[in-house]
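S.K.: Here is how the chains run, residue by residue.
Number of protein chains: 2
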Amino acid sequence: MRAVAMLDHKLHLRDIPQPVPGPGEVLVKTLACGICGSDLHALKHTEKMIESSRRAGGAFVMDPRRDVVMGHEFCAEIVDYGPGTPKRLAPGSRVCAMPILVKPTGVVTVGYSNDEPGGYAEYMKLMEPLLLPVPQSLSTEHAALTEPMAVGLHAVKKAQLTADDVPLVIGCGPVGLAVIAALKLEGSCPIVAADFSPRRRELALALGADEVVDPAKNSPYDTWRGLAAWRDPSKAPPLPPWMPGPPLRPAVIFECVGVPGVIDAILQNAPAAARIVVVGVCMERDYIEPMMGISKELNLQFVLGYTPEEFAATLGHIARGEMKVESLITGRVGLDGVAGAFESLASPEHHAKIVVEPARK
Amino acid sequence: MRAVAMLDHKLHLRDIPQPVPGPGEVLVKTLACGICGSDLHALKHTEKMIESSRRAGGAFVMDPRRDVVMGHEFCAEIVDYGPGTPKRLAPGSRVCAMPILVKPTGVVTVGYSNDEPGGYAEYMKLMEPLLLPVPQSLSTEHAALTEPMAVGLHAVKKAQLTADDVPLVIGCGPVGLAVIAALKLEGSCPIVAADFSPRRRELALALGADEVVDPAKNSPYDTWRGLAAWRDPSKAPPLPPWMPGPPLRPAVIFECVGVPGVIDAILQNAPAAARIVVVGVCMERDYIEPMMGISKELNLQFVLGYTPEEFAATLGHIARGEMKVESLITGRVGLDGVAGAFESLASPEHHAKIVVEPARK
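Taken in sequence, the protein lines are chains R and Y. Every number in my numbering is 118 more than the matching position in the first sequence, counting from 1. Every number in my numbering is 118 more than the matching position in the second sequence, counting from 1.
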């Protein structure tokens, strides 16, 4: 089958053997697979990512000297079942699934494995118990957004928001946009979001942000302060005498950038007692000034992935139009366009999500 | 009056004017004042501490080119009242108080101010509304431990522990010991604590630790794992198939060291989903690997100080013997011994808390 493999920090068009589904597994044809920022990072910093993941007990168990077919944000079509599978869904059914295979030797991440090709190939293996049928009314490419949107839903669930909290989303790439959509779904208001790119700020509004900020012109934190007054001032908790200014609603800041320095910038600028949810994946060593966190009693919650329940719920939210994902897909390529798409995604002005359609010529 | 002032990274014996209490203020005679690790840091890194505190909107507002009389862990005796004070307590009463003065211009931290001398002097000014009477049965030097022990109580309260949580205290200096005492009070069990110093491990046991670890010999995290099995295995939440090993009770790790690298070491070694409470005050730039936090969905709660309620509760706990502080005080000096005491405190083998008694000859 045709596939795009990563090796030596380059993407190569390959002809590789079609996978054969084992017990509990199912062979699927990849219909659409989104390109994730982590894939861009993996291509550039393969060895570093593997090494830091290894120490973290993480999911990126790969040999960088062998091919890896990436792609973990997919919608696929059932082709064939392995032995001993209940075959709940008919061949030809469209499905989404969490990108993992549970093997006797442990969990394999589909899309970050030498042995299990991900969605940048014509076929993949998935686990039958994890398959979720895609409702007929939902387009294949929107179904493929389930995985990245589930990341946003999980981050927002971990924040345990109350109606009083006022969220601030730092960074409106695909992760930030997924967080905004999930915040909208939770009923958070107002949702403040910041990004240097005008295109991304536009997308943030489309996904549900109430106010967007260009950090080159205004401080996102000042904008947040201007919008975080209590609607009902009698609800504000009493202020101790040494805390100046009017009391503000609690801040929940979502870090959706994932490059060194961003966590520290948030610590420096966050209002007192803010909760910071780290959704952006910074794979490098970073720096912080603990004094900033200490002085303001900040809380940092690191998050990763999603639960099976959140993944399934996200598919439902997209299918019912409760997460407005239409504007997210800005490009479609075949397998021969993947390398070029990786390059285009470096510029935030041109693209949000590019979808790979392996059957596309 | 006699006082010990910090200037140019040295401590100097001075004769300075006795403070005059203003409205709402009270003049007190300092009976005993503990030396805090922050004072050691302030002496060594004055400029850096002021600069980082300024950016954090913090409490250390000082001019390093002028004298500062430090000391904020005190028990004192009421001498005289300023104008317009209700005079709730008779002169001669022993009192503890949070080390702050609320002025029309803002809050001044007693012990970190050019204008308001702290406890390393014969007299201080305090605010009448914050005065707490010391029960007659409680010794002056134990009452002086209210401030540092309140720091531990606050950290433990912020952790919102449940009976399932198993705490691990990293560092058994005065901050770690205060955390251990507060954990004991909360009924946490088992309490695991780690320190390189045999003397400090002994103190940890005296304060309430159930198991102490020498990190030079054993991993505190391995020891923690050995003690964190569910007593009633049916209470353990179901494990997802990709999580190996038996489920363990939730980890709450208290960072009580406050030097660069410790937060990252905890991120590296913490079990999944651990909550980390940062009580140690690292005033320098520090580094972390966000991937470690992300892969394990760790939570970092920075904490500072205490509430007035926690401060008052701590005095009560000490007075009623619920916090076993007897072993904490390892030295007593007069004002002429303060400089030497600062030097002695550099070695963890000799001292936990040294108390300054300004009247001591």
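Because the hints were derived from the structure by calculation, they are not lab data. Treat the hints with care, as some may be off.
One copy or any two copies: either way a pair holds, since identical chains are not told apart in the list.
Said to hold, decoys possible - No farther apart than 27 Å at their CA atoms in a straight line, the calculated lysine-lysine pairs in the DSSO-like style are these:
1. LYS275 / LYS353
2. LYS205 / LYS166
3. LYS128 / LYS414
4. LYS162 / LYS414
5. LYS166 / LYS414
6. LYS275 / LYS166
7. LYS335 / LYS205
8. LYS128 / LYS302
S.K.: Decide, hint by hint, whether the structure agrees.
M.R.: Hints and how they fare:
1. LYS275 / LYS353: both (24 Å within a copy, 23 Å between copies)
2. LYS205 / LYS166: Close neither inside one copy (40 Å) nor across copies (66 Å); limit 27 Å.
3. LYS128 / LYS414: Intra 44 Å, inter 30 Å, cutoff 27 Å: neither.
4. LYS162 / LYS414: between (36 Å within a copy, 24 Å between copies)
5. LYS166 / LYS414: Classified as between: cross-chain Cα gap 18 Å, same-chain 33 Å, threshold 27 Å.
6. LYS275 / LYS166: Intra 30 Å, inter 39 Å, cutoff 27 Å: neither.
7. LYS335 / LYS205: Neither way: LYS335 and LYS205 sit 56 Å apart in one copy and 54 Å across, limit 27 Å.
8. LYS128 / LYS302: neither (38 Å within a copy, 57 Å between copies)
Of the hints listed earlier, those the structure fails to meet are numbers 2, 3, 6, 7, 8, in rising order.
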